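Trainee: Could you put the whole structure together from the sequences, leaning on the hints where they help?
Top line first, the protein sequences correspond to chains H and W.
For the first sequence, my numbering assigns the number 9 to the initial residue and increments by one for each residue that follows.
For the second sequence, my numbering assigns the number 7 to the initial residue and increments by one for each residue that follows.
These are calculated hints, taken from the structure and not from any lab test.
Treat the hints with caution; some may be incorrect.
FRET-style restraints, in silico, Cβ to Cβ [what the hints assert, rightly or not]:
| no. | chain 1 | residue 1 | chain 2 | residue 2 | range |
| --- | --- | --- | --- | --- | --- |
| 1 | W | L46 | H | D27 | 15 to 23 Å |
| 2 | W | H35 | H | G79 | 50 to 58 Å |
| 3 | W | E81 | H | P96 | 55 to 63 Å |
| 4 | W | G66 | H | E95 | 50 to 58 Å |
One side of the interface only, derived from the structure: several residues of chain H facing chain W at Cβ under 8 Å [what the hints assert, rightly or not]:
| no. | residue |
| --- | --- |
| 5 | I25 |
| 6 | M32 |
| 7 | L52 |
| 8 | T56 |
Computed from a prediction, not measured in an experiment: that's the story for all the values here.
Yeah, the Cβ is synthetic: ideal placement off N, Cα and C, and Gly gets one too.
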Amino acid sequence: MTRVLAKAADQFSETVIDDEIVVMSLASGDFFSLTGSARAIWELIDGTRTRAALLADLAAAFGRTEADLAGDVDAFVAQLGSAGLLEPD
Amino acid sequence: MRTPAETMALIARETRSQPGAVPKHLGGHEIPGGNRLFALGQFVLHTGTGFGFHYRPGIGVSYTVDPGADPAELELWLYGSVYAAIACLNGLYPVHASAIADNGRVHAFTGPSGAGKSTLVAGLGRRGYPLFCDDTLLLDLSDPGRIVALPGHKRLKLTDHALALAGAEVLGPVGSGTGKSYAAPAAGSLREPLDLASLTFLEQGAEAVLDPISGAARFARLDDDHYTQQLYFDAQAPTRAMMFALRSRLAQHLAMARLVRPFSGEGFAKSLDLAEAAVRQFSKEPPQ
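Mentor: Pasting the structure below:
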């Protein structure tokens, strides 16, 4: 998969409160509170990384294997996509 | 950007009131009794209890009182909904809260009607903390580096039960079937704008407990204040992004906690201890 993951910049607002990132969908008004690996994934989705590159950087940051993280990353990216927070394929 | 002094002068000027005509229509909309309307930068309220209010920028408030209306209600409306509506139209953000001051900063207690906001600040007054406002706290966010709170009215409105709990001095009845009396704040009141330091959410429960609120929960709790937020929505029609930015700023700058408290006498004393501990702790923390 060579798709570069990118946020849909005009579809959300975000803010940092303590160690959490709060993201709100401007379309629905729904909130997401991101901590730990979810926050890291959100920050790594910067318009330069493919899924594979994101997995590699996340695995390095958390000292885990890419295989360990792949399922959670795919589920979270799918959730962000469903909420309209990522650029479509 | 306005200075706090300019904002105080603006509110004093815009809330001037005098008897005068109040329209039944505004901007092509009818305003029946029991309804309010923001339109054309103005505000009209017909209370359904015999009062009408019309605010126009630069002119102030005109009001009508129907024969048979309880005159004691006039002040309640002028210092309540009308005051908050004028503040909203002039870019201020109202919070349903009562507040005291300590060490040059403001500590506010918020919750729905009946949560005990006034009772708690009356009790803190007995411990030496001057009253900053009762029931409506106005915030001036025009300076991006500060959250400035504007001082409110100088009397508390308390039920007999609250008067007994707080040991407050009675000034006279509020009237209008409220079952409340005006009370003097034991430690006096302040007249100068000050920075807001903390916001504590009052809840009722069996045991008195103080819990700090951190992270995204601070952001989420700011959605609780439906009464005054609706006024702000109606007056300013903010977009979701604007409200997000506003709440984000408050969540980032203010210390927050929840104070769970029973309404018994013993529980009240303990909740006062906890509230005072929170004020002292938050006063020590540097401004965000």
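Trainee: Next step is simple, just say for each hint if it's right about the structure.
Mentor: These are the hints, each one checked on the structure:
{"no.": "1", "hint": "W/L46 to H/D27: 15 to 23 Å", "in the structure": "46 Å, violated"}
{"no.": "2", "hint": "W/H35 to H/G79: 50 to 58 Å", "in the structure": "55 Å, holds"}
{"no.": "3", "hint": "W/E81 to H/P96: 55 to 63 Å", "in the structure": "57 Å, holds"}
{"no.": "4", "hint": "W/G66 to H/E95: 50 to 58 Å", "in the structure": "51 Å, holds"}
{"no.": "5", "hint": "I25", "in the structure": "5 Å, holds"}
{"no.": "6", "hint": "M32", "in the structure": "5 Å, holds"}
{"no.": "7", "hint": "L52", "in the structure": "20 Å, violated"}
{"no.": "8", "hint": "T56", "in the structure": "25 Å, violated"}
Comparing the model with each earlier hint shows violations of hints 1, 7 and 8; every other hint is respected.
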